[in-house]
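Residue numbers (the numbering used here), protein chains in the order written: chain A, 1 to 102; chain B, 1001 to 1166; chain C, 2001 to 2570.
Hints listed in this document are in silico derivations from the structure and should not be mistaken for laboratory results.
It is possible that part of the hints are untrue.
Claimed, not checked - With a cut-off of at most 20 Å between alpha-carbon atoms, the simulated SDA-like pairs for lysine to any residue come out as follows:
1. B:Lys1006 x B:Thr1122
2. C:Lys2184 x B:Asp1082
3. C:Lys2349 x C:Pro2193
4. C:Lys2297 x B:Phe1096
5. A:Lys62 x C:Leu2066
Unchecked claim - Just a few of them, taken from the derived set where beta-carbon distance is under 8 Å, the chain C residues facing chain A:
6. Leu2046
7. Lys2116
8. Arg2446
Built from N, CA and C at the ideal position, the CB exists for glycine as well.
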Amino acid sequence: MQAKVKTKGTAQPLVVTANRLRDGRVVWLAEGGAWVEHLAQAHVFLGEQAEAGLAEGAEAEKSQQVVGAYVAEVSVGPAGIVPVRARERFRALGPSVGAVAA
Amino acid sequence: MPLLEKGVPVEDRFVQVADDAPLPADSPAVISFARLQRDADALAGRNVPLGVQMASATQARDIAPFLDRVALVVIEFPKFRDGRGFTIARTLRERFGYAGELRACGHILPDQYEFLVRCGFTSVAVPEGADLGVWAAALDRFHVAYQAGMDAAPVISGLRRRLALG
Amino acid sequence: MDIVEGHAALNAGVSTRAGIYHYDEYDREFLRERVAEFRGQVGRRLAGALTEDEFKPLRLMNGLYLQLHAYMLRCAIPYGVLSSAQMRQFAHVARVYDRGFGHFTTRQNLQFNWIKLEEAPDALAALAEADLHALQTSGNCIRNVTTDEFAGAAADELVDPRVYAEILRQWSTLHPEFSFLPRKFKIAITGAPTDRAAIQVHDIGLLAKPGPAGDVGFEVWAGGGLGRVPIIGTKLRDWLSERDFLGYMEAILRVYNALGGRENIHKARIKILVRDLGPEAFIRLVEDEFAALPREKFPLDPAVVAAIQAHFAAPAFADLPHAGTDLALRTAENSPFADWVAHNTHPHKQPGYISAIISLKPIGGIPGDATADQMDAIADLADRYSFDEVRVTHYQNLVLPHVRQDELFDVWHALRGLGLATPNIGTVTDIIACPGLDYCSLANARAIPVAQLLSERFADLRRQYDIGPITLNISGCINACGHHHVGAIGILGVDKKGEEFYQLTLGGSAGNDAAIGEIIGPAVPYDAVVDAVETVVKTYVAQRRPGEAFLQTYRRIGMAPFKDALYATA
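Only chain A is shown next, with the shape it has when bound in the complex (with noise of 0.2 Å):
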């Protein structure tokens, strides 16, 4: 988990996101500054290009929309955008385990 740009002057696909303040519910930075709950939706940059991404983070913190924003590493593929860390993945696709059976 980067709070800053590690990767400078790479081209490594990076990606915004952070927990909305009310619910708690993981968001990902898309085009134009909105905070979307889909990770296909997400604005991709490329290395220190994030930088802006994060200012827009502290920006959205500051106005009380989200909380904790950071840079992820991303792949770009056939499947769409899919984060590098298991732990990111698990945000973005949720739980791997469904509620217990009633």
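Please build the complex by placing chains B and C on the supplied structure of chain A, with the hints as guidance.
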């Protein structure tokens, strides 16, 4: 910085004096603990109230020998999560019998006001720009407590006590 | 009506026989004020008057975490005891404010995973209607005091710890001096010689015991804990009188609050302070602090103890003969019932009674989870068969503490219908698992599906019984909420380049013979962990002597045979 006593802003009669600055002759002054230790003898004859400011890392027992020389002890809270000041205050009052003014300063939240009072603080230097209304309301937040504090909260029954801080 | 029932009826409008602390108007006044305070704090946060940095410790003191997908609310179940009315209120909150289920934890609390911040004050208000709350279940304060799940019922109990657990709960509630400690503070108390509360791995551990004069005193331990630096506690006192009980607790907390590490959160628990000062020096500081306390202020008044004790009076047991012939006949003729009685019951001090354990570990299920419907059904069973009372164990199961032996078959039958009668308590499928990376923002790896897969691998009941008593504990990260350090087999989720790996430890124990498990070797990936556990179990089975449980075999033969079996190249 506004100074609150019982939720109400009051005049601060003490001035802060830096370690290398001369003490005012006729005004109550607050100096650092380091200076108090350094200049203890020189200050012995002073007949204007003296105050000492201490960091949370300083233990109550270290300042205890100097309590009879000061009318005010200021305890710094570096961060509101750092709760050492509560123990220092309680210890100064209960173990060392300090009866002078006890002030909290630094980074503190109004949500801690009742705790401060119950640990023996008489005044709070609230952060600049603080909403004094929220601070005042904080003393009226709870009227039941489950343990003794420095305030004279009468027993209701069992361990419960009636709080009336506001 | 006895005094406790009368009191409860007056104040609750709902009379309950459950052995819980029955709130009166003052307790409820306090709870109302706390809910109002939190409502104000949430309002200030949403309006931007509090930053997240300022708000976070405040919301943690009300048990509200921000997790991977949502806020998680950890509701307190004081020392693991609740009434059927309270269980129903949990079901209600699960339905209205969450997704219809809850998770019972290793500290006898209940977690809801899908709470919204903007609804949290309403959820807390709903909980308060049943005298429930989420006070101090998180944050750097004194947490839920935990105890033996059979308190007040166990045949081997000498002192009922619930009364002292309640005294600790009250004393520690919004304590003005100890609400901003260096780190969290966990207290466990037991009243039986067999330690079912893991007192040696808590910040303070207490053993309540009778003194020579018929009085009650305590053995006091401090500085134990799991997590990043697992340490067995230090005994401070062999005997602390009841009168000095709270004063001594104040002394320990005061030393910790003043001297505990504040620079590095990984070195801030009291266990680190005790280790760094050395046990003797730490004990001296505590005794010095205790000696300096103004005595007139701190003695625990016997009248106060007696008044709180009245809440935990024994229920109106029927006068029954011990071990009804009915029970013996039923177990003889019904093998599944016999299995369940053999594993899921615990001896009761009252003749003709028994404690029944409700397994929340169905094969392939999520350990510790219960749906709102199950909670309601369990509440009904508690009403009918257990004097309205339910317990939570610290291995994520539930207990009906006071069941008539001649009604045990009916209880079992009802539990079977609810899918809550898996006869696996204490076996390899009675797995402790934290929520892990499926839910928790601190986790490195998932724990729940690992537990499910392991449960399914060992599903064969005869095999489980052949393996015998064993503790299998899974934590998704080093914070060790799954208590992996004290599992006979422990599994710790670790992060290797963003992927889930698992490190196995062997030989841990949480009881009287407390021990921290040892690492067997390099971590294995997610799809190898079930096979790895099976290899360890097979090694035990191959090496054991007749009658030896896993832990005993491990202590006899050591790590080498297990390590060889697991890492030997094929």
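Structure-based check of all given hints:
A hinted pair counts as satisfied when its Cα atoms are at most 20 Å apart, and B:Lys1006 with B:Thr1122 qualifies at roughly 8 Å. For the given pair, C:Lys2184 sits about 13 Å from B:Asp1082 by alpha-carbon distance, which is consistent with the 20 Å threshold. Distance restraint check for C:Lys2349 and C:Pro2193: the Cα-Cα separation of roughly 14 Å lies within the 20 Å cut-off, and the hinted pair is therefore satisfied. Restraint check: the Cα-Cα separation between C:Lys2297 and B:Phe1096 comes to about 15 Å, which is no more than 20 Å; the hinted pair holds.
Straight-line distance between C-alpha atoms of A:Lys62 and C:Leu2066 comes to about 18 Å, which keeps the hinted pair within the 20 Å bound. Hint status for C:Leu2046: holds, given a least beta-carbon distance of 6 Å to chain A, under 8 Å. Interface restraint check: C:Lys2116 against chain A, minimum CB-CB distance 4 Å, threshold 8 Å, status holds. Taking 8 Å as the C-beta contact cut-off toward chain A, the hint placing C:Arg2446 at the interface holds, the least distance being around 6 Å.
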